[in-house]
Amino acid sequence: METILDLLDRAAARFPDAIALEGEEEGGGRTAITRTGLKRRAAALARALIAAGLRPGDPVALLSPNRPEWGVGYFGALLAGGVLVPLDVNLKAGELTNIIARSGAVALLTDAAEADRGAELRGLLKGARTLLRIDGEEASAPGDGAPP
1281 METILDLLDR AAARFPDAIA LEGEEEGGGR TAITRTGLKR RAAALARALI AAGLRPGDPV
1341 ALLSPNRPEW GVGYFGALLA GGVLVPLDVN LKAGELTNII ARSGAVALLT DAAEADRGAE
1401 LRGLLKGART LLRIDGEEAS APGDGAPP
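Using my numbering, you'd call the opening residue of the sequence shown number 1281 and step up by one each time.
Heads up, some of the hints might be wrong.
What the hints assert, rightly or not - Derived SDA-like pairs (lysine to any residue); straight-line CA-CA distance at most 20 angstroms:
1. Lys1372 with Pro1336
2. Lys1372 with Ala1332
3. Lys1406 with Ala1291
4. Lys1406 with Glu1375
5. Lys1406 with Ala1332
6. Lys1372 with Ala1331
7. Lys1406 with Asn1346
8. Lys1406 with Gly1361
9. Lys1406 with Pro1366
10. Lys1372 with Leu1404
11. Lys1372 with Asn1346
12. Lys1406 with Ala1395
13. Lys1372 with Asp1396
14. Lys1406 with Ala1393
15. Lys1372 with Ile1313
16. Lys1406 with Pro1339
17. Lys1406 with Ser1383
18. Lys1372 with Thr1283
19. Lys1372 with Ser1383
20. Lys1406 with Arg1347
21. Lys1372 with Gly1361
22. Lys1406 with Gly1351
23. Lys1372 with Gly1384
24. Lys1372 with Gly1333
25. Lys1406 with Asn1378
26. Lys1406 with Pro1345
27. Lys1372 with Ala1326
28. Lys1372 with Gly1337
29. Lys1406 with Arg1335
30. Lys1372 with Asp1338
31. Lys1372 with Arg1397
32. Lys1406 with Pro1336
33. Lys1406 with Asn1370
Calculated from the structure, these hints are not laboratory results.
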């Protein structure tokens, strides 16, 4: 059976420089991630999640507006063996707290736009209490539980 990760591998091999994700940047302008770039950045994020102690099947929360880097978080969590828990940025703190607590998320992925709220929500995570960034060239941030 072919998975979405298999499809990403195949697409990156066939059309490495083709745009996979494109959208608006924070503050204006456009941004794009190629298929090879998506695969590379997702793999870097997956390595950071695994290094932080993520085990197969662990929930990974993702708090980010709809932007190309959201896909980096999605594929990174899948590559690491995690189960994605998407969080709506329009939810209030109490609603996000409830979802994170009920899901048992052991890691939280966020971006520059949601970094402050991510840091506040981090205390609700079980286990490694990992907070990682999905934006930036290598889609990384502190993975050892240290404050960002």
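How the hints compare with the structure:
no., hint, in the structure
1, Lys1372 with Pro1336, "violated, 29 angstroms"
2, Lys1372 with Ala1332, "violated, 27 angstroms"
3, Lys1406 with Ala1291, "violated, 35 angstroms"
4, Lys1406 with Glu1375, "holds, 17 angstroms"
5, Lys1406 with Ala1332, "holds, 12 angstroms"
6, Lys1372 with Ala1331, "violated, 31 angstroms"
7, Lys1406 with Asn1346, "violated, 26 angstroms"
8, Lys1406 with Gly1361, "holds, 17 angstroms"
9, Lys1406 with Pro1366, "holds, 17 angstroms"
10, Lys1372 with Leu1404, "holds, 15 angstroms"
11, Lys1372 with Asn1346, "holds, 17 angstroms"
12, Lys1406 with Ala1395, "holds, 19 angstroms"
13, Lys1372 with Asp1396, "holds, 14 angstroms"
14, Lys1406 with Ala1393, "violated, 23 angstroms"
15, Lys1372 with Ile1313, "violated, 30 angstroms"
16, Lys1406 with Pro1339, "holds, 10 angstroms"
17, Lys1406 with Ser1383, "holds, 10 angstroms"
18, Lys1372 with Thr1283, "violated, 34 angstroms"
19, Lys1372 with Ser1383, "holds, 17 angstroms"
20, Lys1406 with Arg1347, "violated, 27 angstroms"
21, Lys1372 with Gly1361, "violated, 28 angstroms"
22, Lys1406 with Gly1351, "violated, 24 angstroms"
23, Lys1372 with Gly1384, "holds, 19 angstroms"
24, Lys1372 with Gly1333, "violated, 28 angstroms"
25, Lys1406 with Asn1378, "holds, 13 angstroms"
26, Lys1406 with Pro1345, "violated, 24 angstroms"
27, Lys1372 with Ala1326, "violated, 28 angstroms"
28, Lys1372 with Gly1337, "violated, 27 angstroms"
29, Lys1406 with Arg1335, "holds, 13 angstroms"
30, Lys1372 with Asp1338, "violated, 24 angstroms"
31, Lys1372 with Arg1397, "holds, 10 angstroms"
32, Lys1406 with Pro1336, "holds, 15 angstroms"
33, Lys1406 with Asn1370, "violated, 23 angstroms"
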